[in-house]
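Protein sequences appear in the order of chains X and C. By our numbering, the letter at position 35 of the first sequence is numbered 35, and the numbering carries on one by one without gaps. Start counting at 1 in the second sequence, then tack on 1000, and there's your number in our numbering.
Please note: incorrect hints may appear among the correct ones.
In the SDA-like style, the derived pairs of lysine to any residue whose C-alpha atoms are separated by at most 20 angstroms in a straight line are [what the hints assert, rightly or not]: (1) X:Lys151 - C:Lys1010; (2) X:Lys246 - C:Tyr1016; (3) X:Lys8 - C:Arg1238; (4) C:Lys1076 - X:Lys147; (5) X:Lys246 - X:Phe141; (6) X:Lys151 - C:Asp1018; (7) X:Lys147 - C:Val1055; (8) C:Lys1118 - X:Trp9; (9) C:Lys1228 - C:Val1239; (10) X:Lys8 - C:Ser1110; (11) C:Lys1076 - X:Tyr219; (12) X:Lys151 - C:Lys1160; (13) C:Lys1118 - X:Phe141; (14) C:Lys1262 - C:Lys1228; (15) X:Lys8 - C:Leu1109; (16) C:Lys1262 - C:Arg1238; (17) C:Lys1010 - C:Lys1076; (18) C:Lys1010 - C:Phe1027; (19) C:Lys1160 - C:Arg1054.
Example chain X residues on the side facing chain C (calculated, C-beta under 10 angstroms, incomplete) [unchecked claim]: (20) Ala87; (21) Ala170; (22) Phe174; (23) Ser177; (24) Arg222; (25) Gly223; (26) Asn225; (27) Lys246; (28) Pro313.
Note that these hints are calculated values from the structure, not bench results. Using N, Cα and C, we set each Cβ at its ideal position, and we do this for glycine too.
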Amino acid sequence: MKGLNLRKWLITILLLVLLLIATVIFCSFQGSADIKLKDLLEIFSDSPGQTWWNTRAVILLKVRLPRILLACMVGAALAVSGAVLQALLRNPLADPYILGVSSGSALGAIIAILLGLNITIGALPSIPLFGFAGGLLTILFVYHISKIHRKISIQTMLLVGVVTGAILAAIIMFITSVAGPHKIQGIIFWLMGSLSSQEYPMVAIVSFYVIVGILILLYHARGLNLLVLGEESASQLGLEVERTKKIAFIGASLITGAAVSVSGLIGFVGILIPHLMRMIIGSDHRLLLPVAGLCGSIYLVLADTLARTLMAPAEIPVGVITAICGGPFFIYLLRKKRKPIFL
Amino acid sequence: MTLTPFFEVKDLRFRYDDSWVLDGLSFEVREGEILGIIGPNGSGKTTILRVLSRVLIPQEGEVRLTGKNLSALSQKEIAQIMGVVPQDTYFPFPFTVGEVVLMGRSPWLSNFGFESEKDLQIASQAMALTDTLGFSDRLIFELSGGERQRAIIARALAQKPQVMLLDEPTAHLDIGYQVEIYDLIKKLNAEKGLTLIIVAHDLNLASEYCDRLLLIDGGRIYKMGSPKEVITAENLSRVYQSKVLVEENPVTGAPRVTLLSKLMSESAGRKN
C-alpha cells in the first residue's frame, strides 16, 4: 500500500519550484523589447552609464520582473483558494469568487476609480486599498450571516455568498451604466483583470498576504481532507470542525482579496488548476495545495506573457488567455480517467 | 465477557428545536457486546449515535465513556476510542481507497503530519481484515456499495478504536452483502474484542447477530434486553404499529420476524 510521505512531498514540490523559476526566467526575456540572456551578463558586467544599459535594465527589472512576480502570487492565491473552497463547500463548482469576495473587492475598487481618490496608506494606492477593504467587508458580512447558533452552516454560506455577490454585481452594473465614458474604461479594464503596471512595494505587500495565507491553509491541509467527507465524519475522525472551517474560509478569502485587489477579476485559474491537479496527483490536500499553488503561478505567468506579447504593443486581457488555453485542455482531461501518479 | 459499563447514558434528553427527539434515555453498553438499536423511522436511533459520538451535544443528562464524561474529552481523544461508520458517504473528489482508510489514522497524527510506516501497517491490517486490500489503489467511488461499506469499516478500524458505532450499515445493500457485513461485524467482535453499537433497520439481522437490543419508540426506551426478550409479536406490533409474526429460527434459535400485510391477514382470517 502506498502513502504520501515527506520524501515524495519534497521531491514533487522541489521539481515544481525549479519549473517555476525556469518559467520566470524564460518569460522575463519575452516581450516587445528584444532583450537576450547574454544582455543580462553585459548589464551586470559592463560599465553602467550607457543609455542602452539603462533602458534594458529598467525594462527587465522594473517593468517585467515585478509583473511576473505579481502573476506568481495572484496565480498561486487563486489556485489555492479555489482548491480550499471546493473542499470546504464540498462542491466541484466552487471557485475563489463564489462567496462574493471578488464582487466586494470590485465594488471597492470601482468606488475608488469613480471618486478619483488619491489616498495612499503604506505602499497601497487607493484602488487596491479600497478593493481589499471591499473584499474584507464582504467576507465579514457573509461570515456573520452564515453563523447560526455559533456554527457556520456551509449551505447557508454558499447561498449567502452567491446572493451577496449578485447584489454587489448589480450595484457595479448600475455604477457602470451611469459613470462617465473615461471612467468606464478604467472600470472595465479592472473588471477584466490585468497584471500590468505594478510597483515592487505593492508586489511585496501582496506576497506577504498570499504567502502567509497559503502557509496557514497548508498547515490545515489534512483537516481539509477530512472536511471533504462531510462535517459529521470529519468530527468523528477527531477534527475540530468549526475551527477548521473558520480558518479555511478566512484564509481562502484573505488571499483571494489580496489577489483581486491588485489584479482585478482574472477568471478560470481558480477552478481550472485545482481540478487539473486533482486529476493528476489526487485529492490529498497536503500535496494538492502546494502543487496547485505552484502550477497556478506557472500557468498565470505563461498566460500573462502571452497576453502582453501576442498582439504587442496592445494587450489581450489575461483572463481571455487563461480560459481559451485552459478550457479545451480541461475538457480533454475530463474525458480521461484519473490515474494516481506518484513519484 | 466482563460487565464493566463502556458507555453510561443517564437521563439523556436532546432536541433540535422545540420537541424532544430523545426524551429521557438511560442505559449502559457493556464492554465487548454487540448492542443493536432498533425502532421505527424518526424514533431517534441515529440521533443517539450522534450524541454518543458528540456530533450533537445533549441539552440534559450525561454520557460517560469508559468512566469519563464525554463533554470533558476532546474530539481527538474521542476519535482515538471510537470509530463511526456512517450510513453512506458521499465523495465529491477522487480519493483512493487507501487514502480513505489512512484518514482513519487522523486522530493519532499531528496537524500537518504524514503517516508513518506504522500507520501504513495499521491501515493495511484493517484492509486485510475487511478484505479490501486488493483495491487500495482504486478510487473510492468506483467501488460497489458493499465494497465501499467495507472500506469505510476499514477506515474506522484504522482508528484502532475500542468501540465502533455503525448507522444502518446494510441500508443500501442486497442480501448477500448484508450477511457479509454482519459476519464481518461478528468477526471483529469475536477476534478483536471490539464493542459494537449498531443502528439496525433489519430486525432479523439484528436478532441474529446482536447480544442485546434496545427498542426505541418516540425518543424513549420501550424495551431493552436479549433478542428473545425484545423481539416479541406484542412489542413489535405496539411500536411499529403493524402486524408481525414472530417464530423461532429453526437453524439458530433466534426470534424471526415475518411482516404480515393487514389486507392479507384479514382475508386469511375470513377464509378460516
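Results of checking the hints against the structure:
{"no.": "1", "hint": "X:Lys151 - C:Lys1010", "in the structure": "violated, 27 angstroms"}
{"no.": "2", "hint": "X:Lys246 - C:Tyr1016", "in the structure": "violated, 23 angstroms"}
{"no.": "3", "hint": "X:Lys8 - C:Arg1238", "in the structure": "violated, 61 angstroms"}
{"no.": "4", "hint": "C:Lys1076 - X:Lys147", "in the structure": "violated, 24 angstroms"}
{"no.": "5", "hint": "X:Lys246 - X:Phe141", "in the structure": "holds, 14 angstroms"}
{"no.": "6", "hint": "X:Lys151 - C:Asp1018", "in the structure": "holds, 19 angstroms"}
{"no.": "7", "hint": "X:Lys147 - C:Val1055", "in the structure": "holds, 17 angstroms"}
{"no.": "8", "hint": "C:Lys1118 - X:Trp9", "in the structure": "holds, 19 angstroms"}
{"no.": "9", "hint": "C:Lys1228 - C:Val1239", "in the structure": "holds, 16 angstroms"}
{"no.": "10", "hint": "X:Lys8 - C:Ser1110", "in the structure": "holds, 19 angstroms"}
{"no.": "11", "hint": "C:Lys1076 - X:Tyr219", "in the structure": "holds, 17 angstroms"}
{"no.": "12", "hint": "X:Lys151 - C:Lys1160", "in the structure": "violated, 30 angstroms"}
{"no.": "13", "hint": "C:Lys1118 - X:Phe141", "in the structure": "violated, 45 angstroms"}
{"no.": "14", "hint": "C:Lys1262 - C:Lys1228", "in the structure": "violated, 24 angstroms"}
{"no.": "15", "hint": "X:Lys8 - C:Leu1109", "in the structure": "holds, 18 angstroms"}
{"no.": "16", "hint": "C:Lys1262 - C:Arg1238", "in the structure": "holds, 14 angstroms"}
{"no.": "17", "hint": "C:Lys1010 - C:Lys1076", "in the structure": "violated, 23 angstroms"}
{"no.": "18", "hint": "C:Lys1010 - C:Phe1027", "in the structure": "holds, 7 angstroms"}
{"no.": "19", "hint": "C:Lys1160 - C:Arg1054", "in the structure": "holds, 18 angstroms"}
{"no.": "20", "hint": "Ala87", "in the structure": "holds, 7 angstroms"}
{"no.": "21", "hint": "Ala170", "in the structure": "violated, 30 angstroms"}
{"no.": "22", "hint": "Phe174", "in the structure": "violated, 36 angstroms"}
{"no.": "23", "hint": "Ser177", "in the structure": "violated, 39 angstroms"}
{"no.": "24", "hint": "Arg222", "in the structure": "holds, 6 angstroms"}
{"no.": "25", "hint": "Gly223", "in the structure": "holds, 7 angstroms"}
{"no.": "26", "hint": "Asn225", "in the structure": "holds, 6 angstroms"}
{"no.": "27", "hint": "Lys246", "in the structure": "violated, 15 angstroms"}
{"no.": "28", "hint": "Pro313", "in the structure": "violated, 43 angstroms"}
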